[in-house]
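Visitor: Chain residues, written in single-letter form:
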Amino acid sequence: MTRALFLLPLLLFAVVAGYFFTALRPSHDTRELPSALLDKPAPAFDLAGLGSDKRLTLDGLKGRPSVINFFASWCAPCRIEHPVLMRLAKQDKVAIYGISYKDKSEASTNFLTTLGDPYRQVGLDPDGRTGLNFGVYGVPETYVLDGNGVIRKRFVGPLSAEAVDRELLPLLKKLGAS
Amino acid sequence: MITEIGHFSLVLALFVALAQASVPLVGAARRNLGWMEVGRSCALMQFVLIGLAMLALMHAYMGSDFSVINVAANSHTDKPLLYKITGVWGNHEGSMLLWVFMLSLCSAAVALFSSNLPPALRARVLAVQGMIAIGFLLFILFTSNPFLRTFPPPPNGNGLNPVLQDPGLAFHPPFLYLGYVGFSVAFAFAVAALIDGRVDAAWARWVRPWTLASWCALTIGIAMGSWWAYYTLGWGGWWFWDPVENASLMPWLAGTALIHSSIVVEKRDTLKSWTILLAIMTFSLSLVGTFLVRSGVLTSVHSFASDPARGTFILLLLIAAIGGSLTLYAIRAPALKGGGLFAPISREGSLVLNNVLLSCGCATVFLGTLYPLFLDAMGGPKLSVGFPFFNRTFVPMMVPMIIALGVGPLLAWKRGDLIGALQRLWVAYIITGLVLLVAFYVTNGGPVLAVLGLGLAAWLAVAVLTELADRLKLFRIPFNDSVKRAVNLPRAAYGMSLAHFGLAVSVAGFSASAWDREAIEIVPIGGSVALAGYELRLDSVDRVPGSNFIADQATVRVTSGGAPVALMHPSRRFFTLQKQTTSETAIRTNLLSDLYVALGESDTAGNWTLRVYWKPLVPWIWIGCVIMAAGGMVSLSDRRWRVGVARKTRVAPGAVPVAGE
Amino acid sequence: MRALLAACLLLAMTVAAPAVEPREKLPDPAQEARARDISSGLRCLVCQNESIDDSGAELAHDIRVFVRERIAAGDNNRQVVDAVVSRYGSFVLLKPPVEPATYLLWFGPPVLVLIGLAGTFVWVSRRRATATAAEPAPLSAEEQRRLQGLLEDQDR
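First to last, the sequence lines map onto chains A, B and C.
Each step along the first sequence adds one to the number in numbering that gives the first Met the number 0, with nothing skipped, and position 26 is 25.
Each step along the second sequence adds one to the number in numbering that gives the first Met the number 0, with nothing skipped, and position 387 is 386.
Each step along the third sequence adds one to the number in numbering that gives the first Met the number 0, with nothing skipped, and position 69 is 68.
Possibly wrong hints are sitting among the right ones.
[What the hints assert, rightly or not] Derived pair list, reagent style BS3-like, types lysine-lysine, alpha-carbon separation capped at 25 angstroms:
hint, chain 1, residue 1, chain 2, residue 2
1, A, Lys39, A, Lys172
2, C, Lys24, A, Lys101
3, A, Lys152, B, Lys381
4, B, Lys381, C, Lys94
[To be verified] Just a sample of chain B residues kept apart from chain C, beta carbon distances all over 12 angstroms, derived:
hint, residue
5, Leu51
6, Pro151
7, Leu435
8, Val447
9, Leu448
10, Asp469
11, Pro477
12, Gln552
No wet-lab data here; the hints were simulated from the structure.
Ideal Cβ placement from N, Cα and C applies to all residues, glycine included.
Throw the hints in and build the complete structure from the sequences for me.
Guide: Laid out in structure tokens, this is it:
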């Protein structure tokens with residue numbers, strides 16, 4: 000009995016060390032947060048459109064699955080993710096909508112003309128309020144909505160080609176995107 | 000060339016460490032004195048070699064040798080010389096080098112100042128130190144080598160993070176590391192004792208000075224870090240329960256418990272296996288802290304080097320060091336038989352209570368720091384554990400400890416007289432009551448917990464003084480005799496009183512933060528802000544060129560009731576290279592409160608944001624820490640610990656005999 | 000060094016605009032005080048254990064403004080916190096909620112203290128009990144008197 004007591008510190012340490020190992024696994028990212036809105040209706044928005052008079056609204060997106068990408072011209076990771084979005088747009092499997100987060104409209108236009116425009120439509124969120132409603136805590140962030148406007152998935156940080164192939168496309172297939 | 004010498008001496012140090020870790024151990028097992036003594040020369044040699052490596056890196060920094068990757072990544076020709084030197088440990092690789100340097104310093108100190116140790120014990124202690132050195136030298140050489148070259152060298156370096164361009168960087172890391180690494184000596188003593196299978200009063204007496212010295216360094220290191228945060232942050236926060244801070248607090252708590260439990264081992268020959276465990280845990284927590292910060296398992300915004308390879312390496316080190324020592328503990332510790340008996344109410348009893356609460360406090364900090372990580376690894380929800388958690392769990396544990404701390408030193412060994420001790424504290428009741436009443440009245444019943452905190456501080460301070468007066472028999476015997484007793488009182492007793500008094504001072508400082516006042520306003524040049532009876536007028540903001548930055552320096556004229564108090568110069572520095580702005584706050588203290596001014600941004604109309612804070616008793620937080628560390632030093636200077644005299648202490652003829660502490 | 004060195008990296012982001020800005024403040028001091036109170040309990044998501052009240056991060060600023068808008072619109076404290084949590088999840092709460100997943104966190108420390116105190120008490124008293132059993136019985140009154148006599152003899 001008493002002897003077992005002397006083993007206790009070692010056992011506790013073994014548990015802690017085990018946790019440390021799992022925490023170190025490469026796929027693990029402590030900074031990535033699940034969205035609080037997962038499987039909940041996306042917050043409504045009604046944003047001025049970029050380069051057109053047509054407003055970007057949540058209701059306008061409903062009817063089929065869609066992807067919403069928060070981006071900004073001042074955000075370096077957005078430039079990294081950009082080719083991935085372009086490729087996704089070319090595949091034409093889903094409508095990608097852009098929300099220009101805390102950015103000047105000219106800067107966003109400039110960004111899209113230089114690098115190419117993957118978005119079906121872009122809304123302006125100059126004060127970041129729509130972003131806040133979505134729970135955005137950094138750009139870029141990408142949300143997948145189903146036809147009813149329910150958030151099914153969030154990607155934090157630059158979308159990788161791998162994440163698109165392994166997670167985004169299968170999810171869209173499941174949601175019935177053409 | 001010099002860089003290569005540094006690199007080479009580091010490799011050489013690894014081989015010396017291999018010898019240090021093995022030869023003396025074999026010598027101790029075979030009782031071969033010559034082999035045992037190898038440990039000492041190895042330790043000294045290692046100190047020289049790692050010192051050389053340190054100097055070589057410093058040389059590369061001072062000469063801005065950008066062919067060294069580490070220098071190019073963290074330095075710049077325009078950087079002032081002081082920061083070129085301190086910048087050596089302002090990055091991951093350099094700070095790990097500082098870590099092993101401190102380790103070699105401790106080993107060398109053990110080799111030099113341990114002539115009174117039995118050779119076998121000394122040999123084993125040095126061998127364990129050598130093993131730790133092997134681990135960390137391998138870590139540096141394989142994952143974090145600061146001596147790697149690049150070709151062609153970049154024309155200039157990336158510069159140091161502007162926030163680190165501060166005198167705080169010169170002192171905070173070395174002290175903190177000395178504290179962390181110093182506990183390796185206690186760890187080595189514990190492991191050596193387990194191998195030896197013997198722990199006695201002599202062992203405790205040998206370990207104690209090393210523990211005390213590291214504890215002092217860690218106390219100073221943590222206090223400096225907190226003060227650095229306070230003056231650089233721009234709003235005067237001094238503790239955030241941040242994982243990185245907690246990583247330094249945990250070894251401090253465990254080390255504090257260790258200092259106290261080793262007293263029991265020394266005086267009463269009991270609590271042995273617990274003390275050994277604490278010695279192992281204290282250093283283990285230092286290692287865990289290193290792991291947490293270096294591996295990036297915690298949210299990695301913080302740590303400047305998060306690299307999975309490094310994390311895995313440190314984790315393996317951790318498993319070898321902690322797992323190994325705890326296995327040894329599980330095997331050998333049950334054989335350690337405790338000696339002296341004591342009643343629950345006794346000096347030993349109070350020290351045990353201190354240990355229980357400090358250890359639980361340490362465990363709470365550990366739990367709070369790692370819980371989000373654990374939950375996440377288990378696939379649970381993501382959550383944050385912030386100050387409200389620690390305020391509700393850790394603080395309530397420390398409160399009874401501080402209350403008991405007032406009484407504990409008045410209890411006798413073996414069996415104490417609680418009623419008698421409580422009776423002797425009557426002055427403390429009166430003063431605590433008065434402080435409570437006054438604080439309550441002055442603050443209009445302000446936050447009750449803060450008022451109670453001040454009462455707690457008063458209680459502890461007066462209880463400490465009562466205990467000291469009690470020892471000197473002040474007012475009970477002729478004053479001259481009291482003075483004689485004071486002269487003959489062991490330094491360790493003064494050390495204890497000082498350290499406890501320092502804690503009281505800090506507690507007052509912590510509590511009073513509830514009465515902080517602030518004014519955050521936009522003012523034009525010539526405008527003013529009023530706060531806590533002061534009037535602060537923004538006279539001007541001037542652009543001043545600095546060494547590698549441009550500063551906007553404000554002149555704030557402080558008056559109180561029309562009488563001039565001070566001119567304060569908060570500024571904002573813009574670092575052209577890094578394109579970062581830092582805020583240099585201006586603080587005026589009268590030791591009872593701080594007036595804290597930070598300059599914010601300016602708007603297009605030329606108005607400036609001024610943040611003014613009035614922080615009562617805040618300097619006491621760090622003054623208390625300094626007093627605590629001073630207490631540790633005074634205790635350290637007690638003649639009992641001095642080499643050779645340990646067993647010869649005798650009361651000089653004619654002196655008034657003094658009861659042991 | 001970590002303690003601060005590291006905290007410093009965080010500062011690098013914060014110092015540019017530390018904490019609450021004058022423009023954010025609500026005109027009503029009572030409401031502003033509530034806003035400060037609420038903000039100090041909400042974590043700045045991109046920082047390390049720093050509340051939005053203390054952080055200079057852009058996101059912290061946005062949430063501070065959001066909190067103040069909700070207060071100005073008449074929400075009570077709970078509603079404001081819930082509004083933030085519904086967007087960012089309970090991760091933003093510096094004080095983790097008490098729920099089955101956090102029972103160990105919240106009840107672990109007090110239980111540990113109880114176990115520690117009870118354990119030591121048992122240990123101390125058991126050791127005393129076994130020791131007194133092993134010790135020779137205390138002197139009887141008669142023996143005591145004889146001992147006293149012997150000692151006095153010796154003194155003489």
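Visitor: Each hint needs a verdict: does it hold in this structure or not?
Guide: Hints, one by one, checked against the model:
| no. | hint | result |
| --- | --- | --- |
| 1 | A:Lys39 x A:Lys172 | holds (20 angstroms) |
| 2 | C:Lys24 x A:Lys101 | holds (21 angstroms) |
| 3 | A:Lys152 x B:Lys381 | holds (17 angstroms) |
| 4 | B:Lys381 x C:Lys94 | holds (13 angstroms) |
| 5 | Leu51 | holds (22 angstroms) |
| 6 | Pro151 | holds (29 angstroms) |
| 7 | Leu435 | holds (25 angstroms) |
| 8 | Val447 | holds (16 angstroms) |
| 9 | Leu448 | holds (15 angstroms) |
| 10 | Asp469 | holds (26 angstroms) |
| 11 | Pro477 | holds (30 angstroms) |
| 12 | Gln552 | holds (16 angstroms) |
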